[in-house]
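Student: With the hints as extra help, turn the sequences into a complete structure.
Now for the letters of each chain:
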Amino acid sequence: MTFHITVDGRSVPVVPGQTIGAALHAAGVRSWRSTRFGGRPRGLFCGIGVCFDCLISVNGRAPERACLLEAAPGDEVTTS
Amino acid sequence: MTYDLVVIGGGPAGVAGALTAARAGLRVALVDSGARLGGQYFRHSAVPGAEPGLGRFLRQGRALGERADVLLRHQAWSAAREPDGTLVVHCVTRSSSAPGGGAGERTVAVRARRLLIATGAYDRPLPFPGWDLPGVLTAGGAQALLKGSGVVAGRRIVVSGTGPFLLPVACGLAGAGARVLGVFEAGVGLGLVRQPLLALDKAGEAVRYAVGLARHRVPYRTRQAVVAAHGEREVEAVTVARLDKAWNVLATRVVECDTVAAGYGFVPQIELGTQLGCETRHDVDGSPVLSVDAAQRTTVPGVWAAGEPTGVGGWRLSELEGRIAGLAIVAGHGTAPRTAPAPSTDAAAGPRGDLTTARAPAPGGDPAAAAGRPGEQEMPGEPEVPGELEMPGELEMPGEPGEPGVPVVPGVLVRRRARWRAFGEALQRAYPVEPGWQGWLRDDTLVCRCEEVPLARVREAQDLGATDARSVKLLARPGMGWCQGRICGYAVSCLAGEPPRPPRRPIAQPVTLGALSESGEASDRAPADDPPPHPNPRRSS
Numbered sequence: 001m002t003f004h005i006t007v008d009g010r011s012v013p014v015v016p017g018q019t020i021g022a023a024l025h026a027a028g029v030r031s032w033r034s035t036r037f038g039g040r041p042r043g044l045f046c047g048i049g050v051c052f053d054c055l056i057s058v059n060g061r062a063p064e065r066a067c068l069l070e071a072a073p074g075d076e077v078t079t080s
Numbered sequence: 001m002t003y004d005l006v007v008i009g010g011g012p013a014g015v016a017g018a019l020t021a022a023r024a025g026l027r028v029a030l031v032d033s034g035a036r037l038g039g040q041y042f043r044h045s046a047v048p049g050a051e052p053g054l055g056r057f058l059r060q061g062r063a064l065g066e067r068a069d070v071l072l073r074h075q076a077w078s079a080a081r082e083p084d085g086t087l088v089v090h091c092v093t094r095s096s097s098a099p100g101g102g103a104g105e106r107t108v109a110v111r112a113r114r115l116l117i118a119t120g121a122y123d124r125p126l127p128f129p130g131w132d133l134p135g136v137l138t139a140g141g142a143q144a145l146l147k148g149s150g151v152v153a154g155r156r157i158v159v160s161g162t163g164p165f166l167l168p169v170a171c172g173l174a175g176a177g178a179r180v181l182g183v184f185e186a187g188v189g190l191g192l193v194r195q196p197l198l199a200l201d202k203a204g205e206a207v208r209y210a211v212g213l214a215r216h217r218v219p220y221r222t223r224q225a226v227v228a229a230h231g232e233r234e235v236e237a238v239t240v241a242r243l244d245k246a247w248n249v250l251a252t253r254v255v256e257c258d259t260v261a262a263g264y265g266f267v268p269q270i271e272l273g274t275q276l277g278c279e280t281r282h283d284v285d286g287s288p289v290l291s292v293d294a295a296q297r298t299t300v301p302g303v304w305a306a307g308e309p310t311g312v313g314g315w316r317l318s319e320l321e322g323r324i325a326g327l328a329i330v331a332g333h334g335t336a337p338r339t340a341p342a343p344s345t346d347a348a349a350g351p352r353g354d355l356t357t358a359r360a361p362a363p364g365g366d367p368a369a370a371a372g373r374p375g376e377q378e379m380p381g382e383p384e385v386p387g388e389l390e391m392p393g394e395l396e397m398p399g400e401p402g403e404p405g406v407p408v409v410p411g412v413l414v415r416r417r418a419r420w421r422a423f424g425e426a427l428q429r430a431y432p433v434e435p436g437w438q439g440w441l442r443d444d445t446l447v448c449r450c451e452e453v454p455l456a457r458v459r460e461a462q463d464l465g466a467t468d469a470r471s472v473k474l475l476a477r478p479g480m481g482w483c484q485g486r487i488c489g490y491a492v493s494c495l496a497g498e499p500p501r502p503p504r505r506p507i508a509q510p511v512t513l514g515a516l517s518e519s520g521e522a523s524d525r526a527p528a529d530d531p532p533p534h535p536n537p538r539r540s541s
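Quick mapping for you: the protein sequence lines, in order, are chains A and B. Using our numbering, you'd call the opening residue of the first sequence number 1 and step up by one each time. Using our numbering, you'd call the opening residue of the second sequence number 1 and step up by one each time.
What the hints contain is simulated information worked out from the structure, not anything from laboratory work. No residue lacks a Cβ here, since even glycine has one placed at the ideal position from N, Cα and C. One thing to keep in mind: the hints can contain errors.
DEER-style ranges, computed between Cβ atoms [stated by the list, open to error]:
no.	chain 1	residue 1	chain 2	residue 2	range
1	A	Ala62	B	Arg217	44 to 50 Å
2	A	Gly60	B	Arg208	46 to 52 Å
3	B	Glu236	A	Ser34	15 to 21 Å
4	B	Thr252	A	His4	41 to 47 Å
Tutor: Following this line, the structure appears as structure tokens:
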């Protein structure tokens with residue numbers, strides 16, 4: 001039932017319907033970008049698309065909210 | 001094409017309003033950013049569990065899917081009213097996720113004669129040192145992870161904030177296997193039983209959560225809160241403080257944990273309403289909310305609002321308001337949308353709950369809509385209340401001059417709404433945010449997470465003469481980043497010493513320039529050209 005996505009080359013299992021952010025959290029990855037000024041680590045905060053802290057690039061696209069984006073088989077995720 | 005009604009938001013208010021109108025024969029579209037209906041409260045995974053109210057909501061959602069165009073994964077970023085009264089909701093949705101492709105965003109404009117705003121609310125966080133560390137989540141964020149994706153936010157979790165929402169969050173996390181080290185309620189907590197109204201309605205629920213917390217040995221401490229989070233790359237510990245009545249710190253201790261779930265009430269989501277020019281008012285807790293009359297009409301012709309955007313009150317109130325809005329929209333269907341601003345009699349309708357009127361259907365109007373008593377069409381699963389449909393208290397729709405009025409909304413719905421609204425207001429009074437939290441902040445504590453504005457810069461702006469939140473924003477930039485002040489707006493207002501103001505932003509969601517430039521021709525792309533509900537292209541392959 002589960003499928004996999006790759007996070008910086010590493011395989012991460014996903015239950016269908018899970019968001020990218022949830023899949024990362026479940027795999028123990030809780031930060032995936034750094035802030036512009038302070039270089040502070042950021043991941044999920046509001047979890048419902050309001051705060052934009054969880055922006056992430058999937059398949060080379062412009063950053064999107066990890067908390068809203070459902071993971072799809074073969075998605076490639078890059079953290080910074 | 002132009003729909004009779006477009007609803008923004010697929011939670012209890014939006015679904016109830018859309019279904020009520022669709023069952024009466026109106027052509028209805030509902031847009032929601034999520035992959036499934038439900039909003040925040042009825043958020044559920046692909047295989048939902050058995051939560052109270054959820055089964056009923058899912059039945060409503062299925063019924064709606066058969067009668068209306070449900071546009072999921074559509075984010076409304078703008079709503080506008082054209083000179084002829086047509087309402088246009090601009091959405092972005094994903095058209096393609098080809099690897100290496102562009103943003104893949106596509107714009108969709110949904111046009112309708114009436115609009116129902118049912119956009120819900122989100123958590124109101126308060127800043128504290130370390131609140132931007134990964135592992136610190138809003139209470140709703142932890143809940144969304146669990147309900148929507150089946151992921152427990154952490155192993156050792158501290159829940160903190162104020163309000164009854166902390167209880168189901170803590171119970172859910174503990175039930176899913178997390179060690180919940182404590183629920184720290186900054187308020188008195190007993191507010192729930194001191195309010196006779198609350199004790200009456202919520203006692204059973206409160207007892208259930210109390211039992212749940214006890215079963216998992218979760219301590220519930222009032223007048224305590226997380227006032228700082230510590231760690232390098234993630235949260236590793238928090239400082240829990242004992243507070244006085246004004247939330248000033250009396251004593252502290254350190255608790256080791258890997259996750260914090262914090263929430264201090266809710267912020268109604270009203271951007272699309274303020275974009276359209278809807279009047280706002282301050283709710284009991286000071287939050288700006290959309291002003292509506294007894295029929296849930298805003299002050300802009302053709303625009304209704306239901307649920308949390310009109311005042312936070314929970315899912316039952318939201319569903320009732322959605323139904324009432326739906327009934328009122330059905331009653332007014334067949335008439336031209338008012339082109340003039342709302343008459344002064346509407347504006348003077350005063351406190352919500354007054355009787356109001358809607359126009360009679362024009363001769364030759366939609367027969368389904370004019371077919372008498374739409375209120376008799378109960379929602380699926382709604383228990384009938386025999387004998388309670390008496391006239392007093394009903395919302396009436398007057399006929400032509402000299403003719404008797406036609407009842408629009410059954411009195412029982414009006415009375416239930418009044419009861420749940422009073423309950424929502426009592427909750428807001430029982431769990432206020434006290435000013436002492438400002439003392440938890442240090443000079444280097446970020447107030448605005450997006451623009452990384454620390455408290456010191458806010459104070460600097462005030463020293464330079466910024467006397468209100470807007471001036472602070474212009475000088476120090478809090479609220480100018482990605483979230484547009486949704487997260488820090490409340491805190492900045494408090495620091496500036498004023499109640500939060502309605503948002504003054506031109507768009508409700510960030511949108512790419514590409515999508516923006518494309519939106520000019522979007523009206524040619526009738527959503528009916530796409531087979532709704534929109535499957536994710538990636539899923540269909």
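Student: Confirm or reject the claim that alanine 62 of chain A and arginine 217 of chain B have a C-beta distance inside 44 to 50 Å.
Tutor: With Cβ atoms ~46 Å apart, the hint holds.
Student: Quick check: does the Cβ-Cβ distance between glycine 60 of chain A and arginine 208 of chain B fall within 46 to 52 Å?
Tutor: Holds - the Cβ-Cβ distance for glycine 60 of chain A and arginine 208 of chain B, about 48 Å, lies within 46 to 52 Å.
Student: For the pair glutamate 236 of chain B and serine 34 of chain A, does the Cβ-Cβ distance stay inside 15 to 21 Å?
Tutor: holds, 19 Å
Student: Quick check: does the Cβ-Cβ distance between threonine 252 of chain B and histidine 4 of chain A fall within 41 to 47 Å?
Tutor: holds, 44 Å
Violation of the numbered hints given earlier is absent; every hint is satisfied by the structure.
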